[in-house]
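Student: Protein chains in written order, with this note's numbering: chain A, 1 to 102; chain B, 1 to 489.
These are calculated hints, taken from the structure and not from any lab test.
Certain hints may be false.
As the list claims (entries may be wrong) - Some, not all, of what chain B presents toward chain A, calculated at C-beta under 10 Å:
no.	residue
1	Thr-239
2	Leu-263
3	Ser-337
4	Ala-347
5	Ser-352
6	Lys-355
7	Arg-482
Nothing here was measured: the structure is a model prediction, and the numbers come from that model.
We put the beta carbon where it would ideally sit given N, CA and C, even for glycine.
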Amino acid sequence: MRMTDSARPSDGFDVAYVARLARLHLEENERAQLQGQLEQILSYVDALKEADVSGLAPMIQAVETENVLRSDEVSPGVDREAALANAPEHRLGLFIVPRILE
Amino acid sequence: MAALTELTVSEAVRVLSEGGTTSTSLLEALLQRIDQHDGAIHAYVSIDREDAMRQAEAADARRKRGESAPLLGVPIAVKDLFNVKGQPCTCGSRMLEGYIAPFDATVITRLREAGAVIVGRLNMDEFAMGSSTENSAWGPSRNPWNTDCVPGGSSGGNAAAVAADIAFASLGTDTGGSVRQPASFCGCVGLKPTYGRISRYGVVAYASSLDQVGPVTKDVRDTALLMNVMSGLDLRDSTSLNVPTPDFTTALGRDLRGLRLGLPSEYFGAGLDPEVERAVRAATDVCRSLGAEIVSVSLPQTKFAIPTYYVIATAEASANLARFDGIRYGARVKADSPLELYEQTRARGFGSEVKRRIILGTYVLSSGYYDAYYLRAQKVRRWIRAGFDDAFRSCDALLTPTAPTPAFRFGEKSADPLQMYLSDIFTATVNLAGGCALSVPCGFSATGMPIGMQVIGPALAEETLLRVGHAYEQATDWHLRRPQLKASV
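Work out the full structure: start from the sequences and follow the hints.
Tutor: Here it is, written out as structure tokens:
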């Protein structure tokens, strides 16, 4: 698929650019409102820059545990009919999507 | 005897086992009270009465055959983000309108095995993002103590239902306070267990490094009973902990001698409502009179908690909610290209708070900003954790307010997202630090709104929390008070 993202802005928060990354269409009025609200939230979040994080490793889980492997055995899961039942469109056991190749 | 719907879970279990009632009678009484009062409260978003009645009849049949199980025949309601096979699971969102869960979440399976009757699904802020239920696509729930006030959120339907005696107990989730804050606002007991204590398989994810399932109940004993049933390793959730599940009820009925409880000074400072402060300080005096030693501690990282929380939670949310793309389930806006389909489906399916958090989360993960926001927040998170570790070297648990204010009014904070976020200030830190925390009722404001005290412990210290909460509850009667409801027609 061709990337249609506009060029990344050099600085600051550009709600239209971020919305494109998030695959989220915003109406003009939403864009204006979110731009203001998120600038305010980001200036509050900027307090993080005052914290001294030197020597700290990122904490990625609430309770840090070792990675666990399971044996690679087939076990029952949600069956195909049940999985397809919620699809907006399906045919021949497949999810139907718009044409993806030009 | 009190009305059936006023029973706690433990009382209902006893009455059932003595033959004083049946599961179908309990369910009928409950459904009748829901009909009387849920019009005004709007705690439930869906109830399948026939399905619930079939479960109740099956429970009665099991009991007749001489079987027993910890919750046999007791109706339990769940937040609308647990997959319950054959039932809707909307997460308070138009995105999942019409979705029917194809399987049971592990906690639902465990509740069923314990004999519980899964009775209905409770309202919530969309995708668990919010502190008031004002973000539900199906309209807000109302606080039974004053229907002009919010019930809290995101598990607001849970707390409103339990407070109004239109649920015996309920299952919620807590990412930054979503079980404890509504419990506090509605005068219920709410527990956020240790991350990994309860399986999240089949629970729709918001922020995966923070989310945890937790009960909202009428008293501490019921919380212990539900924890006994729900806890334990599940191979379908790779984050579930491989630790033994104790009998949590053995923590009940003990005094507090030998326990040291810390008051973090940062939790009693500016921004705390004076009535909340008075109630929590009075509650700490009760704990002292029960034998606990009260000490002062400091959590100097507290001011960084909300900025850290909103970076990490929104980043994880933006990734988790990428799955709602209009392809495999949920809403779809038809379009000529996949990109347009995604963008339009998500535009129509998500409400404004969810969009706000997806945008913020996408931004803090985006190229050029990842290090400054997301990575930095993860490092600050470790520092916040270190602060709690320090505090727990001088005490067994912390006593704090659950929320800085009693329940606020509709509209009071909804126009200002940042003000809404700050209502999580005392709760979100616990999710970040990896501890567990319990909210118990500890008083009322002058206007009659409930106030909650939070007991915070380190990872896997739920028994300490339950011991403190139960001893406090036995010495007070806040948890026995009930709101005066006006029946709606």
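Student: Looking back at the numbered hints, which does the structure fail to meet, lowest number first?
Tutor: Violated: hints 2, 7.
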